[in-house]
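Participant: Respectively, the protein sequence lines represent chains A and B.
Residue numbers for the first sequence follow my numbering, so the first one is 7 and each next one is one higher.
Residue numbers for the second sequence follow my numbering, so the first one is 7 and each next one is one higher.
Bear in mind the hints are in silico, worked out from the structure with no lab data behind them.
A few of these clues could be false.
Cross-link-like lysine to aspartate or glutamate pairs, in silico, EDC-like; alpha carbons within 20 Å at most [claimed, not checked]:
{"no.": "1", "chain 1": "A", "residue 1": "87", "chain 2": "A", "residue 2": "104"}
{"no.": "2", "chain 1": "A", "residue 1": "320", "chain 2": "B", "residue 2": "470"}
{"no.": "3", "chain 1": "A", "residue 1": "79", "chain 2": "A", "residue 2": "64"}
{"no.": "4", "chain 1": "A", "residue 1": "303", "chain 2": "A", "residue 2": "216"}
{"no.": "5", "chain 1": "B", "residue 1": "320", "chain 2": "A", "residue 2": "76"}
{"no.": "6", "chain 1": "A", "residue 1": "303", "chain 2": "A", "residue 2": "108"}
{"no.": "7", "chain 1": "A", "residue 1": "484", "chain 2": "A", "residue 2": "447"}
{"no.": "8", "chain 1": "B", "residue 1": "320", "chain 2": "A", "residue 2": "64"}
{"no.": "9", "chain 1": "B", "residue 1": "126", "chain 2": "B", "residue 2": "44"}
{"no.": "10", "chain 1": "A", "residue 1": "79", "chain 2": "A", "residue 2": "95"}
{"no.": "11", "chain 1": "A", "residue 1": "320", "chain 2": "B", "residue 2": "460"}
{"no.": "12", "chain 1": "A", "residue 1": "320", "chain 2": "B", "residue 2": "52"}
{"no.": "13", "chain 1": "A", "residue 1": "320", "chain 2": "B", "residue 2": "27"}
{"no.": "14", "chain 1": "B", "residue 1": "303", "chain 2": "B", "residue 2": "465"}
{"no.": "15", "chain 1": "A", "residue 1": "320", "chain 2": "B", "residue 2": "447"}
{"no.": "16", "chain 1": "B", "residue 1": "320", "chain 2": "A", "residue 2": "95"}
{"no.": "17", "chain 1": "B", "residue 1": "320", "chain 2": "A", "residue 2": "29"}
{"no.": "18", "chain 1": "B", "residue 1": "320", "chain 2": "A", "residue 2": "447"}
{"no.": "19", "chain 1": "B", "residue 1": "320", "chain 2": "A", "residue 2": "470"}
{"no.": "20", "chain 1": "A", "residue 1": "126", "chain 2": "B", "residue 2": "460"}
A short list of chain A residues far from chain B (calculated; beta carbon distances all over 10 Å) [to be verified]:
{"no.": "21", "residue": "32"}
{"no.": "22", "residue": "89"}
{"no.": "23", "residue": "100"}
{"no.": "24", "residue": "116"}
{"no.": "25", "residue": "181"}
{"no.": "26", "residue": "227"}
{"no.": "27", "residue": "244"}
{"no.": "28", "residue": "275"}
{"no.": "29", "residue": "322"}
{"no.": "30", "residue": "377"}
{"no.": "31", "residue": "436"}
{"no.": "32", "residue": "462"}
{"no.": "33", "residue": "500"}
{"no.": "34", "residue": "504"}
{"no.": "35", "residue": "509"}
{"no.": "36", "residue": "510"}
Here are the computed distance ranges between Cβ atoms for each label pair [to be verified]:
{"no.": "37", "chain 1": "B", "residue 1": "32", "chain 2": "A", "residue 2": "322", "range": "56 to 64 Å"}
{"no.": "38", "chain 1": "B", "residue 1": "437", "chain 2": "A", "residue 2": "179", "range": "33 to 41 Å"}
{"no.": "39", "chain 1": "B", "residue 1": "108", "chain 2": "A", "residue 2": "446", "range": "18 to 26 Å"}
Yeah, the Cβ is synthetic: ideal placement off N, Cα and C, and Gly gets one too.
Protein chains: 2
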Amino acid sequence: MPRRSRTDSRRRRRTDRAGKELDQPPFRQLRNPYHPVELLSADEIEAIHNASLTVLEDIGINFLLPQASEILKAAGADVDKDGARVRFDRGLIEKSLETIPDRFTLHARNPERNLRFGEKFLNIGSVSSPPNVSDIERGRRDGNYADYCDFLKLAQSLNIVHMTLGHPVEPLDVEPAIRHLTSTLTRIELTDKPFSGYSLGRERILDVIEMARIARGIGEDLLLREPSLTSNINANSPLQFDIPMLWGIIEMSSRNQVISITPFTLSGAMAPVTVAGALTQQNAEAMAGLAFTQMVKAGAPVIYGGFTSNVDMKTGSPAFGTPENAKATLIGGQLVRRYGVPYRSSNVNASNAPDAQAVYESMMVTWAAVMGGANMIYHGCGWLEGGLTASFEKFIIDAEIMQMMAAFLEPLGVTSDDLAVEAIRDVGPGGHFFSTPHTLDRYETAFYKPILSDWRNYETWAEDGSVDATHRAHRIYKRLVEAYEQPPLDQGIREELEAFVARRIKEGGAPTN
Amino acid sequence: MPRRSRTDSRRRRRTDRAGKELDQPPFRQLRNPYHPVELLSADEIEAIHNASLTVLEDIGINFLLPQASEILKAAGADVDKDGARVRFDRGLIEKSLETIPDRFTLHARNPERNLRFGEKFLNIGSVSSPPNVSDIERGRRDGNYADYCDFLKLAQSLNIVHMTLGHPVEPLDVEPAIRHLTSTLTRIELTDKPFSGYSLGRERILDVIEMARIARGIGEDLLLREPSLTSNINANSPLQFDIPMLWGIIEMSSRNQVISITPFTLSGAMAPVTVAGALTQQNAEAMAGLAFTQMVKAGAPVIYGGFTSNVDMKTGSPAFGTPENAKATLIGGQLVRRYGVPYRSSNVNASNAPDAQAVYESMMVTWAAVMGGANMIYHGCGWLEGGLTASFEKFIIDAEIMQMMAAFLEPLGVTSDDLAVEAIRDVGPGGHFFSTPHTLDRYETAFYKPILSDWRNYETWAEDGSVDATHRAHRIYKRLVEAYEQPPLDQGIREELEAFVARRIKEGGAPTN
């Protein structure tokens, strides 16, 4: 067995500033080298595509914001007399999708954190938007600013988290009118990774766009050339885009910032009870939203978000990480590749605790996301209870899962050295490979090293208190929060951000109606 | 929401005799409709294949049983003067592999439980051979006959378990000389599904073959035409087959019974530290074993078992469900398909508790097994702690996971009805699908129904005691064992089995040296 001291010295080298408590791989972009899994034939994908075009032509989508209707009408869509229902002929949809870039770079305030999208890159985002927070020590409670900060510290410390998406938990103790200002300032201070703003009306998204610009220390011209913010747009399924979200598209896309369009198509509730039907509706809503971004500004970066799962037909409760969710995720990838648009998926589950159920549901859909060719995994770390709770333990468990996926995506070496015929000859029948030169040369980097898994034998583990994975995750969360260090932020930028936030708070923030 | 009573009446219809406590899908064969995931190119697979042929030609494999050496020599292999080291030229290997059937039926004492192998069928076996047993109430303890029986009751009751493989836990309180007789009699009484015998020397496997024949009420001629027993052969890696296992191959294959050849190639310990090297060795050992079965009897059914995982280089402990394990499983499938032989994989993990780690490790490799085209998942339910413990809770958790995989393998309907354009039109923007005819016609069978997952909302779950998945699994295990009913067994067959066992026990059983 290699001596422990060598491993330890390597561990020290591998650490990052904020994550120095943990022996984790460095921050890096992940790229998927594998051919995606295809559940349906090309003809079947075409059938879903065509059915969704029929929905867009014959049934149409409600766009509830008059300014959006005007843009749609000008672009050639058929807008009803009442101004809400919009029908698209297939030529218009196809023409609009043509200008969507198949790749782009999302800029962070720290250029080392810039993220590329498309081209088989895979980016992991943290959990977004739960109203509750939980850990096994303090239990489940309302989302609040202190826990919001702790999640950001975890997201900054764990190299596998590429970006923060939405509020990792809602800081409900911060007034709604100014919450976006406070939370964005905090986010820029606590992490240097790319982030997002909520499309909750025009004022909020404009504030966050401005703060993203200031954080990078750039002017409006450069912002227009360099996407520096993302915002997620949920269709209000079935077949509807609401006013606050449409403002988000207009303000973000017109400035070349990144929109992801994510229909909320839970099969059996907001979408048909068949997975194919739910995907037809998802695809219709997504294509309408994608097309609209291009009508706002041709060439604006946009991501196709798949979120089709199903409800429990006994209770009506949303279910996640189901076999249907996995199928929809993989087929969603097939559809999205047809359009050449980056693809967003999610790591979701419906468990009430960070337990075995949470993990098998998460793994079910995470595998599907990875093998479906997703470019972004939303809710990558920390989502629990169908999105109603952000869990600190689940955050750590998910970080381990995402790291394992990252290691799985590292291509296997198949050189003559890798095939190791000479090592097999050296060892021969009945021997062992622990101390052969072939092993000693490679053992430090040969295998994935976990941050959470405990591979000690049962006796050692039991003597040490029989601590299960969820309780170990709790300890890691606490240790990471304690060891957290803020990333550097230019003093001038900090002052400019603080002044902006102070002014906007003085003005009353954003409307809350 | 559909009325509860309709669901309940359906639940009653779906139950099986022994599993009547549970709303589970019926016993059925699973078939994988998807194209397997391919991590390596055809050239890279060829490189591994060729490297393993070089190992067989230049280095060779030790066959420690003189009777095996004789068979190998007669078939044209190059046997060393000392009689143990055997080298194979590639022509001999290729010729030998040609006679392996790409499909076969494994017969059970109840013909409704017969299992087909090959042809993209997927069969799930229960955990095999741990020396310890655990449940969260009584803790970890030595394997024993009472728990052995309870695992068989679970395996019989859960329709997702197709077969029992080895002892689900070692009944250490039964004398080694007669353990195979007692355990096999019990197994035939408690389950009517296909089963296996251990290749622990000539006498034991001959006893179990005879009992499999009696259990089916058939003669030796029919047994020869109808495989009715499986036995697993581990290479004693690196590059060695031991005497008891070789007797197993000789007695099983000569009678046309099913052997699975499974090299025990833990990368970094018994195999090279590179995954490609470990696979080279796995493939050399597997091809040697496969070829030997055909030298014993051309056309005998045999399965290629992949078990390449890695050790923790810090401690030397075996690790399972790692990213390397997943890669080896998928690439193993690519190799096996090259030879047209059924493929065995495993559901494994290294956790000391039925917790989050156990599940993410299990899911990592189970997904790889399924998408790698495995025809048999060994240790499908109940494996814990690197195989040192059989866990009752993990058995139930795994049953849920395997059921989810089975649902994932059901092809998606993409008919015009499935695409649901008319249902989307009926509901329209802002509506919901709960009570549309399209939903009401399909809701009972639309989605996978879990046996373990709890999808109730947090408040209801918390009022009901906040029971996590592992504790729910414990309750299900207890309920299933209580509700268990023995499958019918012909009285004449029972008496013949009992008489055989009584005679063999009187004779002293099998040698224990």
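Participant: Hint by hint, say whether it matches the structure.
Facilitator: So, going through the hints one by one against the coordinates:
1. A:87 - A:104: 28 Å, violated
2. A:320 - B:470: 18 Å, holds
3. A:79 - A:64: Roughly 16 Å between the alpha carbons, so the hint for residue 79 of chain A and residue 64 of chain A holds.
4. A:303 - A:216: Measuring from Cα to Cα gives roughly 19 Å; hence the hint holds.
5. B:320 - A:76: Given that 20 Å is the threshold and the Cα spacing comes to 64 Å, the pair is violated.
6. A:303 - A:108: 15 Å, holds
7. A:484 - A:447: 36 Å, violated
8. B:320 - A:64: 63 Å, violated
9. B:126 - B:44: Holds. Residue 126 of chain B to residue 44 of chain B sits at ~16 Å (cutoff 20 Å).
10. A:79 - A:95: 12 Å, holds
11. A:320 - B:460: Satisfied, since the Cα-Cα distance of roughly 12 Å is no more than 20 Å.
12. A:320 - B:52: Answer violated: residue 320 of chain A to residue 52 of chain B is near 51 Å, above 20 Å.
13. A:320 - B:27: OK: residue 320 of chain A and residue 27 of chain B at ~18 Å, within 20 Å.
14. B:303 - B:465: 63 Å, violated
15. A:320 - B:447: 15 Å, holds
16. B:320 - A:95: 62 Å, violated
17. B:320 - A:29: 13 Å, holds
18. B:320 - A:447: 15 Å, holds
19. B:320 - A:470: Holds: residue 320 of chain B and residue 470 of chain A sit about 18 Å apart, inside 20 Å.
20. A:126 - B:460: Violated, because 35 Å separates the two Cα atoms, which is more than 20 Å.
21. 32: 17 Å, holds
22. 89: 13 Å, holds
23. 100: 19 Å, holds
24. 116: Holds, because the least Cβ-Cβ distance between residue 116 of chain A and chain B comes to about 28 Å, which exceeds 10 Å.
25. 181: 26 Å, holds
26. 227: The claim holds: residue 227 of chain A sits with its nearest Cβ about 39 Å from chain B, beyond 10 Å.
27. 244: At roughly 6 Å from the nearest Cβ of chain B, residue 244 of chain A sits no farther out than 10 Å, so the non-interface label is violated.
28. 275: About 6 Å separates residue 275 of chain A from the closest Cβ of chain B, which leaves it inside 10 Å; violated.
29. 322: For residue 322 of chain A, whose nearest Cβ neighbour in chain B is about 5 Å away, the distance does not exceed 10 Å, so it is violated.
30. 377: 7 Å, violated
31. 436: For residue 436 of chain A, whose nearest Cβ neighbour in chain B is about 5 Å away, the distance does not exceed 10 Å, so it is violated.
32. 462: 7 Å, violated
33. 500: It holds; residue 500 of chain A is separated from chain B by about 39 Å at its closest Cβ, greater than 10 Å.
34. 504: 38 Å, holds
35. 509: 38 Å, holds
36. 510: 33 Å, holds
37. B:32 - A:322: 56 to 64 Å: 26 Å, violated
38. B:437 - A:179: 33 to 41 Å: 36 Å, holds
39. B:108 - A:446: 18 to 26 Å: Once the Cβ atoms are compared, 42 Å apart, the range 18 to 26 Å for residue 446 of chain A and residue 108 of chain B is violated.
Hint compliance for this structure: hints 1, 5, 7, 8, 12, 14, 16, 20, 27, 28, 29, 30, 31, 32, 37 and 39 are broken, all remaining hints hold.
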